[in-house]
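Given chain A's structure and the hints, the job is docking chain B onto it.
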Amino acid sequence: QITLKESGPTLVKPTQTLTLTCTFSGFSFSSSGEGVGWIRQPPGKALEWLALIYWDDNKGYSPFLKNRLSITKDTSKNQVVLTMTNMDPVDTATYYCAKTWTARTGWGNWFHPWGQGTLVTVSS
Amino acid sequence: QSALTQPASVSGSPGQSITISCTGTSSDVGGYNYVSWYQQCPGKAPKLIIFDVNNRPSGVSNRFSGSKSGNTASLTISGLHTEDEADYFCASYRSSSTVAFGGGTKLTVL
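Which chain is which? The protein sequence lines are A and B, in order. With the first letter of the first sequence counted as 1, position 20 gets the number 20 in the numbering used here; the numbers rise by one all the way through. Count along the second sequence from 1, add 1000, and you get the number used in the numbering used here.
Isolated chain A, as found in the complex (with noise of 0.2 Å):
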């Protein structure tokens, strides 16, 4: 079975920085074609694609949010941690983390399963 769960603070103040940590299990990084993403979602709003790690390190980012994103795994302890530089309220939102799989690294666009996601909120 594969599980994944996010974790992090519920609260950040404006100009801060965000360090989310995704914990999985039942896949490792150390199969070919595994991956892990980050998606958020505005309260009542939609989804939003962050980012993407894949098992040989490649990563890909948000063209809107890449000047303040960075993504990195730890393989031996089945992590992926996602930093977001000069949070804003406007940054207030659930964040998901989900796995993905893609014979291309660089390719992946499917995601399944799905964290239960963490609310941050952003405000001073």
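All clues given are correct.
Pulled from the structure, derived: some chain A residues nowhere near chain B, Cβ distances all over 12 Å:
1. T10
2. L18
3. G26
4. F27
5. S30
6. S32
7. T75
8. T121
9. S123
Within a straight-line C-alpha distance of at most 27 Å, the following computed DSS-like cross-link-like pairs (lysine-lysine) qualify:
10. K1068(B) / K45(A)
11. K1106(B) / K1047(B)
12. K73(A) / K1047(B)
No lab work stands behind these hints: they were computed from the structure. Just so you know, these numbers come straight off a predicted model, no measurement behind them. No residue lacks a Cβ here, since even glycine has one placed at the ideal position from N, Cα and C.
For chain B alone, kept in the frame of chain A given last:
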């Protein structure tokens, strides 16, 4: 953010069929057979129901089907059930190793 375009809402009666469209460009929906669809029930995480345009993950009802024509992908739900009432999102691979989501469609089963 340049999202894929979906209707804000659709509705149908139990037993009917509905179709939700997802319009992009030749750089995403039209350029690749990498469209996926997600069902999100209130307060829950999204659930993958279609991937690679028209493939269903194991355990997803065959009442859900996907297709694509040009820059527009479609999700069809046949034989509507009341429990199909949810938000539905499309997504597509977009050039340069990125992913785009649609704005979401609220399905109401009357």
